[in-house]
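*Asks:* Letter by letter, the chains look like this.
Protein chains: 2
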Amino acid sequence: MERRQTVQRSLVLSTVIDVCNHPTAQAVYDEVNKIYPSIGKATVYRNLCLLVDEVKLKKVVAIEGPVHYDSTLSTHSHLECRICKKIVDVDISFKDEFYDGVKVETGFSEIDRNLILSGLCPQCKETVLNGEGVK
Amino acid sequence: MERRQTVQRSLVLSTVIDVCNHPTAQAVYDEVNKIYPSIGKATVYRNLCLLVDEVKLKKVVAIEGPVHYDSTLSTHSHLECRICKKIVDVDISFKDEFYDGVKVETGFSEIDRNLILSGLCPQCKETVLNGEGVK
DNA sequence: CTAGATGCAAACGTTTTGCAAATCT
DNA sequence: AGATTTGCAAAACGTTTGCATCTAG
Numbered sequence: 001m002e003r004r005q006t007v008q009r010s011l012v013l014s015t016v017i018d019v020c021n022h023p024t025a026q027a028v029y030d031e032v033n034k035i036y037p038s039i040g041k042a043t044v045y046r047n048l049c050l051l052v053d054e055v056k057l058k059k060v061v062a063i064e065g066p067v068h069y070d071s072t073l074s075t076h077s078h079l080e081c082r083i084c085k086k087i088v089d090v091d092i093s094f095k096d097e098f099y100d101g102v103k104v105e106t107g108f109s110e111i112d113r114n115l116i117l118s119g120l121c122p123q124c125k126e127t128v129l130n131g132e133g134v135k
Numbered sequence: 001m002e003r004r005q006t007v008q009r010s011l012v013l014s015t016v017i018d019v020c021n022h023p024t025a026q027a028v029y030d031e032v033n034k035i036y037p038s039i040g041k042a043t044v045y046r047n048l049c050l051l052v053d054e055v056k057l058k059k060v061v062a063i064e065g066p067v068h069y070d071s072t073l074s075t076h077s078h079l080e081c082r083i084c085k086k087i088v089d090v091d092i093s094f095k096d097e098f099y100d101g102v103k104v105e106t107g108f109s110e111i112d113r114n115l116i117l118s119g120l121c122p123q124c125k126e127t128v129l130n131g132e133g134v135k
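Residue numbers (the working numbering), protein chains in the order written: chain A, 1 to 135; chain B, 1 to 135.
Worth double-checking, as some hints may not be accurate.
Heads up, the list lumps identical chains together, so a pair's fine if it works in one copy or across two of them.
[Claimed, not checked] DSSO-like cross-link-like pairs, simulated, lysine-lysine; straight-line CA separation at most 30 angstroms:
no.	residue 1	residue 2
1	Lys125	Lys41
2	Lys103	Lys41
3	Lys86	Lys34
4	Lys103	Lys85
5	Lys59	Lys86
6	Lys95	Lys41
7	Lys103	Lys125
8	Lys59	Lys85
9	Lys34	Lys95
10	Lys103	Lys86
11	Lys103	Lys34
12	Lys125	Lys56
13	Lys125	Lys34
14	Lys125	Lys95
Just so you know, the hints here were simulated from the structure itself, not pulled from any lab data.
Computed from a predicted model, the values in this text were never measured in an experiment.
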């Protein structure tokens, strides 16, 4: 099962890198579609999976809505606005002792993590305060 | 918009409490269905949302697959097996300073969190080792 | 030449919605 | 009585799959 290089594949990867704000599969599709209109949505999904598999991209599981993709591979976490669903990076990582503790506590191995914080972004907070007073 | 008490609602809540291992909506439906066969799936979904809203239940967003529900309201985290998808509790919480740091770093407010760890549970690890050798 | 990749449409699993009938207060 | 809730079926949503065709190596 050798892996081939295709225009579609490179476009999917470079789009996630360029767009850079944690696009969803749909957003990647829309973007690639602009410059390569014949691409199919399934191709985008297939390539996103594949690229995650090859660790060229990371999957970001949001609290609501579709999966997002991240081209920043170094360890960090995400913060999602509860209202506009925007996702921003947060520089959080855990020490090895943290993972060791979890292993001991649970018996699980090969621990990975997906820390997703949620909150109100400054803009949405503003809107809430103006729009409808303090509920 | 006063909220009524209904048999269905109490059954949904008590089922999540009794079953206790982070059931999905489907699992709750199946369980309630045993003792109250006329219940509709939409009713289960509606009541789960409603109970989360009232903070009588917590939503657990898994890395793959459907949402799970948790009747343990005190702060803790979850660990999901990458193979069998089982979810177990882990006793992890963050200090206030952690949230303060995030607020300063990002400008977001009202920070909440969903920490979902993934790993290999002891049973699945066993299976992997026996079943196909070291890949 | 041929395994792997594509594009399309249809299938999938989960969740939400519209609506008339039933139920709680 | 009147607003809320129910059960049903259909729709919505994100994602995956089957398949015939195309393409990179």
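*Asks:* Taking the hints in turn, state whether each one holds.
*Replies:* Evaluation of the provided hints:
Proximity of Lys125 to Lys41 under the C-alpha cut-off of 30 angstroms is found in neither arrangement, the shortest distances being 35 angstroms within a copy and 35 angstroms between copies. Taking identical chains as interchangeable, the C-alpha atoms of Lys103 and Lys41 are never at most 30 angstroms apart, the minima being 39 angstroms within one chain and 37 angstroms between chains. Taking identical chains as interchangeable, the C-alpha atoms of Lys86 and Lys34 lie at most 30 angstroms apart only when both belong to the same chain, with a minimum of 22 angstroms there against 41 angstroms between chains. In this homomeric assembly, Lys103 and Lys85 come within 30 angstroms of each other (Cα to Cα) only across copies, at 17 angstroms, whereas the closest approach inside a single copy is 32 angstroms.
With identical chains, the CA atoms of Lys59 and Lys86 are at most 30 angstroms apart both within one copy (15 angstroms) and between copies (20 angstroms). For the identical chains of this complex, Lys95 and Lys41 are neighbours neither inside a copy (39 angstroms) nor across copies (43 angstroms), given an alpha-carbon limit of 30 angstroms. In this assembly of identical chains, Lys103 and Lys125 lie within 30 angstroms of each other by CA distance solely across copies; the values are 13 angstroms between and 39 angstroms within a copy. In this homomeric assembly, Lys59 and Lys85 come within 30 angstroms of each other (Cα to Cα) both inside a single copy, at 16 angstroms, and across copies, at 17 angstroms.
Within a single copy, Lys34 and Lys95 get their C-alpha atoms no closer than 42 angstroms, and across copies no closer than 46 angstroms, so neither meets the 30 angstroms cut-off. In this assembly of identical chains, the alpha carbons of Lys103 and Lys86 lie at most 30 angstroms apart only when taken from different copies (16 angstroms versus 33 angstroms within one copy). Proximity of Lys103 to Lys34 under the C-alpha cut-off of 30 angstroms is found in neither arrangement, the shortest distances being 46 angstroms within a copy and 37 angstroms between copies. Only between protomers do Lys125 and Lys56 lie at most 30 angstroms apart by alpha-carbon distance; the minimum there is 26 angstroms, versus 34 angstroms within a single protomer.
In the homo-oligomer, the alpha carbons of Lys125 and Lys34 never lie at most 30 angstroms apart, since the shortest distance is 33 angstroms inside one protomer and 44 angstroms across protomers. For the identical chains of this complex, Lys125 and Lys95 are inter-copy neighbours only, at 24 angstroms across copies versus 33 angstroms inside a copy, given an alpha-carbon limit of 30 angstroms.
Consistency with the previously given hints fails for numbers 1, 2, 6, 9, 11 and 13, ordered from lowest to highest.
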